[in-house]
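There are 2 protein chains.
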Amino acid sequence: MKDFVVRPIGVIRSDLKDPADAPKQGALTEQEAEVVVDPAFLAALDGLERRMAPAGGAVTGDGPHRKSGKIIVLCWLHGADRGRLRVHPRDQEELPERGVFSTRSPHRPNPVSLHTVTLLSIEGNVLRVRGMDAIDGTPVVDIKPHSPELDG
Amino acid sequence: MKDFVVRPIGVIRSDLKDPADAPKQGALTEQEAEVVVDPAFLAALDGLERRMAPAGGAVTGDGPHRKSGKIIVLCWLHGADRGRLRVHPRDQEELPERGVFSTRSPHRPNPVSLHTVTLLSIEGNVLRVRGMDAIDGTPVVDIKPHSPELDG
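Residue numbers (the working numbering), protein chains in the order written: chain A, 1 to 152; chain B, 1001 to 1152.
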């Protein structure tokens, strides 16, 4: 099969500086961070402000138009071990190893991570989000609106 | 920023043969399809059988261990236009154009798609899933367990 080239469209800015500080996969976090989008892609952000979390965090609308105030940020975990096919879940050595596709481990053949985060504000090319566990400097691959119907 | 290389780990096999047949982004589908994983990654599937949808589709467990019977399949939409930054939502020309990051359009700088699908069965390297709107031949990039807490 053919390979494809990912060109990052932005980067994470966060107080989380070290992979050891990041919450383990599967853990929820309230960590706030910035998604700094390459200005070349500014036009692609147009309309995302509709996805901003309303004050108080209430969900608005219903059915397919229900808005959760959340977006999905896809990152490339450049420090991952792409050759690892089995891991101890949550890095707990007492748990038996399992295939990486049955875990949310960063170590996997294509280390694309999913972050469903609350969109707090947009200023120019900078998105402020809550619930981001990627560390500072992580390349961003894509941004999508979260849909409770499609993704929930 | 540095580029990265995606190496597909499998391919979609589906009766949906043409992009024009695929449901529009944002539409739910009951389409069944197969995720055929490259046998080189067989070990990475170990444990995924725990994610299989129980008969009747009931959700089991609770809290962080709640299981939805769903997995997330990430694909690379190789037919996408990577230079397109704005689109008419759902291809409806009467709707004003918006930035691709505020839509689920396949056209985006890095055309990684998310498919939250029900896992029906696993036989060797072949996963049978329901709710897959990617067309036949679409390269698969990653497979993750779906977590109602992280992704909902």
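It is worth saying that the hints were derived from the structure and are not from the lab.
Hints may contain errors.
Said to hold, decoys possible - Residues of chain A clear of chain B, computed beta-carbon distances all greater than 10 Å:
{"hint": "1", "residue": "Asp15"}
{"hint": "2", "residue": "Leu16"}
{"hint": "3", "residue": "Ala22"}
{"hint": "4", "residue": "Pro54"}
{"hint": "5", "residue": "His78"}
{"hint": "6", "residue": "Ser102"}
{"hint": "7", "residue": "Pro145"}
{"hint": "8", "residue": "Asp151"}
What the hints assert, rightly or not - Derived pair list, reagent style DSSO-like, types lysine-lysine, alpha-carbon separation capped at 30 Å:
{"hint": "9", "chain 1": "A", "residue 1": "Lys17", "chain 2": "B", "residue 2": "Lys1017"}
{"hint": "10", "chain 1": "A", "residue 1": "Lys17", "chain 2": "B", "residue 2": "Lys1002"}
{"hint": "11", "chain 1": "B", "residue 1": "Lys1017", "chain 2": "A", "residue 2": "Lys2"}
We treat Cβ as the ideally placed atom computed from N, Cα and C, and that holds for glycine.
Hint check:
1. Asp15: 21 Å, holds
2. Leu16: The claim holds: Leu16 (chain A) sits with its nearest Cβ about 17 Å from chain B, beyond 10 Å.
3. Ala22: The claim stands: Ala22 (chain A) keeps its Cβ more than 10 Å from every Cβ of chain B (closest is about 14 Å).
4. Pro54: Fine: 16 Å to the nearest Cβ keeps Pro54 (chain A) off the interface.
5. His78: 7 Å, violated
6. Ser102: The assertion about Ser102 (chain A) is violated, with a minimum of 3 Å to chain B.
7. Pro145: 6 Å, violated
8. Asp151: Non-interface label fails for Asp151 (chain A): nearest chain B Cβ at 5 Å, not farther than 10 Å.
9. A:Lys17 / B:Lys1017: 45 Å, violated
10. A:Lys17 / B:Lys1002: 19 Å, holds
11. B:Lys1017 / A:Lys2: 19 Å, holds
The structure fails hints 5, 6, 7, 8, 9 (numbered hints given earlier, in ascending order).
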